[in-house]
Each structure stands twice: as C-alpha cells, then as structure tokens.
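So the sequence lines, in the order shown, correspond to chains W and D. The opening position of the first sequence corresponds to residue 1 in the working numbering, with each subsequent residue numbered one higher. The opening position of the second sequence corresponds to residue 1 in the working numbering, with each subsequent residue numbered one higher.
Worth flagging that the hints you see were computed from the coordinates, not collected in a lab. One or more of the hints may lead you astray.
Stated by the list, open to error - Under 7 Å between C-beta atoms, here's a sample of chain W residues computed to sit facing chain D:
#1 Met447
#2 Thr450
#3 Gly455
#4 Tyr456
#5 Met459
#6 Pro468
The beta carbon of each residue, even a glycine, is placed where N, CA and C say it ideally should be.
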Amino acid sequence: MTPLHTWKFNGLGVAAPLAALIIISPLITIAASIFEAESSEILTHLWDTVLTEYVINSLLLVAGVSVLTLVLGVPAAWFTSVCSFPGQRVFVWMLLLPLAFPAYIIAYTYTGVLDYAGPVYTFLREALGKSLADQLYFSIRTVSGAIFMLGLVLYPYVYLLTRAAFLEQSVSFLEVGRTLGYSTIQGFFRLAIPLARPAIITGLSLALMETLADYGTVAYFSISTFTTGIFRTFYGFGDLTAAAQLSTMLLLFVALLIFTERYSRRQAKYHETAGRKSHQTRIILRGANVFWAWLFCLVPVLFGFIIPALILIKWSIFDAEWDIPSFISLSWHSFELAILAALIAVALAILLSYARRQSEAIVIHGFISVAGLGYAIPGAIIAVGVIVPLAWMDHRLIAFFKSVFEVDTGLILSGSIFALLFAYTVRFLAISLNAVQTGLDKIKPSMDQTARCLGYRKMEVLRKVHIPLMRTSLLTAFLIVFVDVLKELPATLILRPFNFNTLAVRAYELASDERLYDAALTSILIVLTGVIPVILLNRTMTTRHRRNA
Amino acid sequence: MPETVPATAVSPESQTLPPLLDIQSVSFRYKDKTAVSGVTLSLDDGEIGAIVGPSGCGKSTLMRGIAGFETPIHGSIAMNGSVISTPDGVVEPENRGVGMVFQDVTLFPHLDVAKNIKFGIRKWHPDSQLQRVKELLDLFNLSKFEDRHPHSLSGGEQQRIALARAMAPRPKLLLMDESFSSLDAEHRHQLVPKVREVLKSEKISAILVTHNQDVGFALADRIGVMESGQLHQWDTPLNIYHQPCNRFTARFIGEGTLISATVLGERKLSTAFGTHYFENDERLQVGDQVDIMLRPDDILHDDESEIRGKVEHKAFRGSHFLYRIRLVSEEMLYCLADSHHNHHIGEWIGITPNIEHIVIFDKKNGEHRK
Chain W
1 MTPLHTWKFN
11 GLGVAAPLAA
21 LIIISPLITI
31 AASIFEAESS
41 EILTHLWDTV
51 LTEYVINSLL
61 LVAGVSVLTL
71 VLGVPAAWFT
81 SVCSFPGQRV
91 FVWMLLLPLA
101 FPAYIIAYTY
111 TGVLDYAGPV
121 YTFLREALGK
131 SLADQLYFSI
141 RTVSGAIFML
151 GLVLYPYVYL
161 LTRAAFLEQS
171 VSFLEVGRTL
181 GYSTIQGFFR
191 LAIPLARPAI
201 ITGLSLALME
211 TLADYGTVAY
221 FSISTFTTGI
231 FRTFYGFGDL
241 TAAAQLSTML
251 LLFVALLIFT
261 ERYSRRQAKY
271 HETAGRKSHQ
281 TRIILRGANV
291 FWAWLFCLVP
301 VLFGFIIPAL
311 ILIKWSIFDA
321 EWDIPSFISL
331 SWHSFELAIL
341 AALIAVALAI
351 LLSYARRQSE
361 AIVIHGFISV
371 AGLGYAIPGA
381 IIAVGVIVPL
391 AWMDHRLIAF
401 FKSVFEVDTG
411 LILSGSIFAL
421 LFAYTVRFLA
431 ISLNAVQTGL
441 DKIKPSMDQT
451 ARCLGYRKME
461 VLRKVHIPLM
471 RTSLLTAFLI
481 VFVDVLKELP
491 ATLILRPFNF
501 NTLAVRAYEL
511 ASDERLYDAA
521 LTSILIVLTG
531 VIPVILLNRT
541 MTTRHRRNA
Chain D
1 MPETVPATAV
11 SPESQTLPPL
21 LDIQSVSFRY
31 KDKTAVSGVT
41 LSLDDGEIGA
51 IVGPSGCGKS
61 TLMRGIAGFE
71 TPIHGSIAMN
81 GSVISTPDGV
91 VEPENRGVGM
101 VFQDVTLFPH
111 LDVAKNIKFG
121 IRKWHPDSQL
131 QRVKELLDLF
141 NLSKFEDRHP
151 HSLSGGEQQR
161 IALARAMAPR
171 PKLLLMDESF
181 SSLDAEHRHQ
191 LVPKVREVLK
201 SEKISAILVT
211 HNQDVGFALA
221 DRIGVMESGQ
231 LHQWDTPLNI
241 YHQPCNRFTA
251 RFIGEGTLIS
261 ATVLGERKLS
271 TAFGTHYFEN
281 DERLQVGDQV
291 DIMLRPDDIL
301 HDDESEIRGK
311 VEHKAFRGSH
321 FLYRIRLVSE
331 EMLYCLADSH
341 HNHHIGEWIG
351 ITPNIEHIVI
361 FDKKNGEHRK
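When you get a sec, could you build the whole thing from the sequences and use the hints?
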C-alpha cells in the first residue's frame, strides 16, 4: 500500500486567526494599559477632581435611558405585535425610524427649538411675558435633556427585540391565561412580559452600550462623562496612557453589559415556545383602547423622528447657507470611507465565518468571539486603542525609511484614512460578522459536503455555493455597516487626517459653533441614508414573520 | 530517473482484480467517542450494498469516512486497489470520485434543476454536459422539470434530482445516506426499484445506509448490519435474513423470536412445541441448552394441531394475520395465518412448526451455531 502524503498548507486556518488578532489588537492595547506601572499625574488629578462626576453622570444616563427606552419600547412592541387597530401596520415600521437619527443630531435639533433663542421660548415670551416664560423655561442642556435625546433614538432596540419575542409567543399562552381568570392586561404583565424578559434585557443592553458610547450628545450638552473625559485627556492633555486607563474603567461597565446581553440571549433560547407556528390571532382594539395604542405608538415616532426630521428639513431649505462644493466634498469623503469600511468588514466577516465553519479549533472560535466584541466598545476607546499601536509602528517606519532611503515619510498609518478604516472595522465587524454567520449557519453542512463530493475544493465551495446563497445577508451587512460608519462621530473626530472632514464631523463642528441651521443640511443627509437599513430591517422582519405564519 | 510506481500495485501474477471498495478493520472516532470500530467489508464493481442499523450505530460516520470527510484512527480504505484513507491522511473528498446523496437532499436553491445536475461536471465539454443532463432527466422521468428551481418541486422530485446530480459525473461509487427516509411509503416503493434499475444500467456501485431494512432489502445485493460501531455481518439479503450470525442481527432483521431448546441427541432438539431435527453440528453435545430463532413463516396455524398457544396480539395484514402466541412454557412466538382464520385475543389456537432450516444460538455468548 502506498503511503499518503496529504499534509497541506491550511491558508484559511492561518489567515483567520491572524486577521482576528489584528482586529483585537486595539482592545489588547487598552486592556494592557492597566498594567502600566506609574499612573500618570493627569490620571491622579482626574481621580481627585472629575472622576466621581464622570461616574455619577454616566450612571444617571444609564438609569434614565433604561427607564425611557422601556417605557417607549415595550408598550409599543405589545400594541404592534399582539393587537390590531387602525394604523397598526404603519406603526410597525415607523417605530423603527428613530434608529436613523444619530443622538447628537437629534440633540442639536431640539436644542435649536427649545433654547433661549429658539421659537418655543420666543413664543412663550410673546404670549405670556418674560417672567412667566422664564418660569416655564427649562434647559435641555442637562443630564435629563441628554436622557431624553438618547432615549428617543435608542428605544427602537428594545422595541425591535421585544416585538420579536412577543411575536414568537404563542397566543395560546394568553388564551390559557384567560381561561384561568386573567384579563388581557393582567396577562400582559403576568405572562407576556416575564416570557419576553430575556429579549427586553437584550434590547436594553444594546441601548445602554450605545448610551455609554455616546460622545456627540453629552459633549454638546457639556455633560462630563467617561467619553468626554477620554477625549479631554487625550486632546487637552495629550496623555494617551491616562486616556487608555480611563477607557479601561469604562470598559468594566461595558463588560457588564456584554455579559448581561449574552446571558439574556442564551436565556431567550429557553423561552422560545415550541408551537409557534400557530396563527397569530390578534386582539382587536376598539374605542378608548385605540386611543391608548395610538398614544404609545405615536409619541415615540413623533418625537423621535417626525418632529426633528421636519425641523431639519425646514432649516436646510429655508435657513441654511448652501455651500454646494464643500457639501459634495464632505459627502464624497463620507461615502468613500463608508464604502471602503463596509467592504472590509464584509470581506473579513466572510473570512472569519468560513474559517469558523471549517474548523472546530477552540482557538479560532475564541478569537472570532473576541473580534465580535467591538460593537460594545465606545468609538472613543477604539480610537485610542488604534492610535497607540499605529503610532508606534509609524515611528519605527519613519526611522527605517530615514536611515535607509533618507526620506521623511510622515505618519503613514496613524495619519491617514488607514487608521480610520481600521477603527471602523474593529467597531463594526460584529455587525457584518453576525449577518454573515447567520447567513452561513442557514446553509446546511451537507451542502458543502455535496459540493466537495462533486469535485469542488473548499474555496470553490465558498465562491460557487456560499456566496451566491448569502447574497442578501451580505448586502444587508454591507448597508448596515455603511450607514453606521456614516453616523460614527467620536472615532472619526480623533483619527481623521488633517483637513479631512466627513458629514458627521462637519455637522458636529457646525452645531458646536452654534450654526445649527447650517448643520441641518449635512444632518438630513445622514438621517436619510440612515433610513435605508431601517427599511431593510423591517423587510427582513416581515418576511421572516410571513414565513413563520 | 526514478521509476514512477502506480498507486495500484497489482502484481502481474494475480489475475483477480481488487474489489472496488476494500475496507480493512477501519475505526473512526467522532467527538471523543469511537463511532465505528474495526469494520471490514468489500464491494465489487457494480454491486449495491446497504448498511442497516439503529440510529447512532455509526453507519453515517462510516459513510462519511468512505466519502473522505473523516480520518480513520485505525485501519484503511482502498478503492480499486489504491489506498485513499489511513490514519496518516486521506485523499480529499473532491479527489475521490465518490458521489454522495444526503438525507436532507441539499439541492442548491440558487440553481435550477439542469444547473444543479451540471454542477459536478462543469469541466466537461458543454455539449456532453447537455447530453448527460438530458440522459439523467430521462432516466428519472424528470424531463419537464429541467428549468424549474428546487423550491417548486416535491420531496420525491427533489430526491430524484439529488440522485441525478450525484450520478452525473459517473462516480465509481455512490454513497446514499438515508436517501429515502424523507419520502412517504408510496414514493419509496416507486423510487427504490427505479434507483436500483438506474444504478445497474449506469454500472455505478453504491452503498446505502438506512435504518429501514425494507429499503435495504429492495435495493441491495449485499447487506451489512451495524450496531454500536460494529459491523456484525456483511452478506447477501437472503443469508442475513435466514442465517443471522448473532442474536442482534436475528432480532433486528425481520420479525422473529428466540425459543429455548435442549439438545436431545445427534441432530435432535427438544422445544416447548415438540422435537425437531437439525443439520449436524459436532460442537453441540447432549444436554446443551441453546436458543433457536423462529421467523413468523416458520410457524403455521393449524386448527387440528395438538400444540396450542394463546393469542396475545394480532395484526391484520390483508392477505394474512400475524398472531403473537404465548406457549404454555410462557415463551412467545409469531405465527402467520390465512386471513380467513380470524381468532380472538385470548383464544387458544393450534400451531404447527414448519422449520426448513434451524438457526441455533449458544445461550451464553449469543454466537451463531450451525
């Protein structure tokens, strides 16, 4: 018998962990900063002065946003999934629209309306006189103002996941409840909510991750939180180590949320009801109940999307200064970055997911899980984590090129859009990874084996079978990353090359200069682009539901 | 220049060709558990084999091993005399020329029927591709489905296309993993003989694994019975049924019961229903306690007979009744009766043994003793 020589170079098995390692290097950098022996003077200074404020404000935000997202998200999810009333179908997707609004943009918009110079106060002063108007006036630039802004755009996370859970609940549960003497309302609190709890908590954790990651809103309202602190330490004092150490503290909060989210997701699996193929017989609402349904569904949409969108449109049409050339160049920069980042994120996601499918090695699975953590890490932290290793490499490169070729290359990596793309990939890889993995998991392993038996090598199977089958998943992943990159603010602010502006950065700068009207034009473009994935999300939701029905 | 040695090292002296598939005491481990241990079997060119066994017996792992998806921990697999699997390495599935049809059909949903069938013959000349697709569609009576997409077809149609796709490259060996179990009985009855016919006309060897022995009997020239990773017997369907090598095979294949017997003398046994004669076996001695296997067709119903038993259960099978009878000795056996003989449960009826060939098992180790 002839011996077999079948050892082969496993390209996928090497490339995937390497890519994952590069992706998590910023996180490692941040985590490693904890061990840096001498805590810098600035950090001690921060510790003595503002750190308590950071912690308190961050906790207040987390608590307030929790309450608001639950109040806005859960009842709306209940009404649109279990009940039937006029307008219910429209509300199903309208309730998702606020996702298109970055929190910082909704914050400028409301500030423009509610501030001293804004139309609301002016109207009150003219109608009631100055003293009475002053009594009624409230400042939006406070912690509670920030809670409202964040809550209005983040409740859709709770709404989306809770609604999915309600839809999966067999209606027979409620019917059993009623035969046992529970009214519909009692059934809602005693059965539907407890059953949906894991989903609600998952949605809430996602909303809170966004809250902790927010920079634009709190910076605009001059509220000191961890993210603004990291910024100030990095920009104001130029102290990378202190910024990194501050980041680690914030990461502890984030880690708690990641843990809660993953744990709840696992719980949610146990709560899935078996006989869910049963047709949803909806509760038909009449009379006063329709009013309550409308109240709970309309308020979030009205304040989270319709009013701010109308204001932005009005400002950009009537009040803004139209600087078309700079607007085009901004859009070009933004779209260029977003397309590149989305392409990289999707390509990496395919590489990692496919490696994971091919291998049972724990190392590969572990690397990929960690690489998928970026979505929970605030952009400011990722920016710091990206710039430290890149700056280090740049200095080596500069020295090398100087000594060998006698040319000054400048900061090739940390000073170019390379750094931006790197940061975006780290932050948004989780989104594409999730979409691609879901798409890939739907393809049975026997499909691969069939193709192998028909003479296709592993990479050919990927090209001929997997990618064509996953086309929709890949497109969805691409679009969601694209829009998220377009909206991203803190990492872009820190890492953008000199004189390089994007829509988000420009909107932030104009608003900070109190040129709210001029910020409207770029803002509305961001929001309108942001509506695309919302429509997609709604479509996948409805098709999935139809398939189940 | 070194001599190139062909992988098939057939010495000129030996005129007999090596078997198409030659598996030598092969073992596979699956997730820390030995799923297949020491299986040896061989299949000649053009033969169809079936491996039956309860779920979890290791038959699917063996199949994946033959396809090249698993590396054995022991033993070897050879095709046409060249080794393709050893613990040191395996020839990749795509280079084996082994086709496989999976339980869950796995038609590519993004390709129409013709493109699915062409998938494995992409390197052929386009004309030959078309020719081959037409040929297979005709063989399976699928011509009108050529440009349909898989989702618009019934389960039976999908299964036929999956078979056609696997056969398109003319594999030397076709593996079928529970290929007919998703179909209802009627479709199965139509498809299984059809597949046998096509395989024979295409001269493709095949192995089917199934938990449904009826399908195995209908399709295969050779049947293997597997349990807990071991292949108990690899034999013709007739021998598997009438001469099972051990108690497991006897119980698993067909319907039957084991009745205890005592050796009375040379070629003579005593049972609860009388004395019987058997072919000579030197190993049996007077006084030995043994079990004999009885199939339903070994026991006939006879109202006149003095041997009687109580009807415990009956199943109407159209042309006949299958009675489960309890003897005075408390032992159980099955009996076939003409369907005109309708007896009640609890009634005592007469039976007559009609045993042409006695299968005897040792009481202690359960091994077959002839």
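So, going through the hints one by one against the coordinates:
Given the 7 Å rule on beta carbons, the hint for Met447 (chain W) holds: about 5 Å separates it from the nearest Cβ of chain D. The closest approach between the C-beta of Thr450 (chain W) and any C-beta of chain D is roughly 5 Å, which is under the 7 Å cut-off, so the hint is satisfied. Satisfaction of the interface hint for Gly455 (chain W) is found here, the shortest Cβ-Cβ separation to chain D being roughly 5 Å, below the 7 Å cut-off. Below 7 Å, beta-carbon pairs count as interface contacts, and Tyr456 (chain W) has one with chain D at about 6 Å; its hint therefore holds.
Taking 7 Å as the C-beta cut-off, the interface hint given for Met459 (chain W) is violated, the closest approach to chain D being about 11 Å. Taking 7 Å as the C-beta contact cut-off toward chain D, the hint placing Pro468 (chain W) at the interface holds, the least distance being around 5 Å.
Hint compliance for this structure: hint 5 is the single one not met.
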